[in-house]
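Colleague: Full structure from sequences and hints, please.
There are 2 protein chains.
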Amino acid sequence: MKMKTLPYRDGFKMAADFDEKQAGYMLWPQRPDNWRDGGKPAQRAFTQLASKLSKYQPMTMLVNENQYKNARSMLPVSVRVVELSSNDAFVKDIGPIYLQSTDGQQVRAVDFNFNAWGGLVDGLYFPWDKDNEVAKKLSELDSINYYESTLTLEGCSVVTDGDGTLLTTEDVILSEGRNKGLTKEVATEQLKETLGVNKIIWLSEGFYLDETGGDIDNMVSFIAPGEIVLSWTEDKSDPQYVSSHRAFEVLKQETDARGRHFRIHKLQIPTPLFLSKEEANGVDPINGRLPRIAGQRLTATYTSYVTTNRAIVLPEFGVAQDEIALEQMKKYYPDREVESIPAREFLTGGGGLHTVVLNVPGV
Amino acid sequence: MKMKTLPYRDGFKMAADFDEKQAGYMLWPQRPDNWRDGGKPAQRAFTQLASKLSKYQPMTMLVNENQYKNARSMLPVSVRVVELSSNDAFVKDIGPIYLQSTDGQQVRAVDFNFNAWGGLVDGLYFPWDKDNEVAKKLSELDSINYYESTLTLEGCSVVTDGDGTLLTTEDVILSEGRNKGLTKEVATEQLKETLGVNKIIWLSEGFYLDETGGDIDNMVSFIAPGEIVLSWTEDKSDPQYVSSHRAFEVLKQETDARGRHFRIHKLQIPTPLFLSKEEANGVDPINGRLPRIAGQRLTATYTSYVTTNRAIVLPEFGVAQDEIALEQMKKYYPDREVESIPAREFLTGGGGLHTVVLNVPGV
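The listed protein sequences derive, respectively, from chains A and B. Going by the numbering used here, the first residue of the first sequence is number 1, and it counts up by one from there. Going by the numbering used here, the first residue of the second sequence is number 364, and it counts up by one from there.
Just to be clear, a hint being listed does not mean it is correct.
Chain B side only, calculated, beta carbon under 7 angstroms to chain A, not exhaustive [said to hold, decoys possible]: (1) Lys367; (2) Glu428; (3) Met437; (4) Val445; (5) Glu446; (6) Leu447; (7) Ser448; (8) Leu504; (9) Asp505; (10) Ile507.
Below, in silico cross-link-like pairs of lysine to aspartate or glutamate (EDC-like), each with a Cα-Cα straight-line distance of 20 angstroms or less [stated by the list, open to error]: (11) A:Lys199 - A:Glu254; (12) A:Lys69 - B:Glu511; (13) B:Lys493 - A:Glu65.
None of these hints come from the bench; they were simulated from the model. In this text, a Cβ means the ideal position worked out from N, Cα and C, and glycines have one as well.
Modeller: Written as structure tokens, this is what we have:
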């Protein structure tokens, strides 16, 4: 049911990734103008991730009707398959942002406007009409009451400590393709009252060449209130160097909603990875042009991981840094299993592990 | 998850209509070659029924993606709307048949083959591919384990007392369009082991001119073990006279699985109702021919009602008999509310109230 009130006043706040979760959702990849080779390699990768996550929490794969039987045949029985139409597969961006009551007992959702990361200005596909219904449909499927917001944003464009603080990027929230004419001041107020937070910290930009326009989840992740990991590189020749260091300077000086300084863990990104010619050529052209080009850089970072109650699932890129990141994360999450999974196929479709899993808070 | 065993041996039996239910499902009507005027009058009627039932149990309307927004806007918030594709709207026929464990604590389902009441021989439409997936999809949606059967039958072709007895009709189960070559003896054994019953009582036919070929639910309904209502007429000029009286003779002589004789309540059908020219002309032609003809008789009977834990919903046909049937049913169900609802639109699409609601047993 749609709420006519405001989350902040109702005592609801955005749930953090590390908060307790009751279930997880994914969307099934299929569009051949985004996923190479008719989506088959991505479908295998999504199957592997959903299978792994289903060891830790109930998992549901949401699929378009025409892919139901294929998805059901590829996925293990531990993953539930449910029809729910969408235009693409980035459920954390497309689906609702979940809120919790202060006592953690109630869950609500927010349905923001979604326009494929920039609509007709610089969005990634058209139409996005089915995506834009996913938040409402999913709330209804779980009988979760939801708020509607007029802001255009995707779930991965905001991260929270679950304790009053929200991090986001100007490049996304204030982009012409999403919220043309919106000022930072008005956006700050709207984010506060809609996501139930007290303080917004703005970074200017996200990860280098992120095709979302710079969603924050490739840059920063909260481990706990006051404690974050930050995508990092010491290589001055890497264009990512500037935005990582700029973010560090902002976060080092800022305090959170409770007045705490952040403990920042630098999480070294892998050596740059590039799309191969074979990968680029496996994608259907749009209006005669390939949407992806051989040699384009992939937005590879370990910061895009999945958090469940008992485990963390990190991306593997097939480089030496994988092992270092894994060991590092084990220290940050001493109470959870830390596992990893090959993630390249998620990246070839423009996403990361964090973007393709939507967890519902609650016991 | 699909079970590889047999319900009978696993201690599961088909739930009766009067058994306790946890929730109800309906499918949204939309096909213009079955429902007049683009389905709009039927959609209003389904909305009215779902609204009424939602007073007594959680109700979910299952809809094709292209009708989601329309259904959501027409239905009250008390009815959940969930995407689930189908070819038409008779969910009790199309969906699973639910089973319960002997202690009533566990629910399972059976997925029979469905071919639109007779496939290419005498079925009502083609294709029926989406309908045939509904039982599996709905079981999966509710995380209910299911059995598969090779028999072709629809949910309304069998009624049970929940106590070992099953009633069905030869015209349906043994029809060429459904189970060509199947003998009564083999069918009897298969029904026993698949629906967990000990005794099958066969009627030769169902209701006069029922376009399903004669599903039993328009003829007979169990009020309790050993106690049934039977569609009845004393009018010898009515072609229904023969089948009602033939059914009475069979049921009078038979005993149920526990050796009880049946207490049979004769439920007088309304005076014959016929499709109007306007109603017939509102349906899209199939291959150039109207699927329904002005003046054709509607399968109107009060036996096609809906049972919930706390209420019975009877059809109203706008005739004097409506009130008599209502009073009669109040006596048979002294512990439940007995309400009624205009039912003509359901009949113009070939169904009745009992065919459009699927209740899930359980607490």
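Colleague: For each hint given before, does the structure comply? Return the numbers of the non-compliant ones in rising order.
Modeller: Checked against the structure, the hints that fail are numbers 1, 3, 9, 10, while the rest are satisfied.
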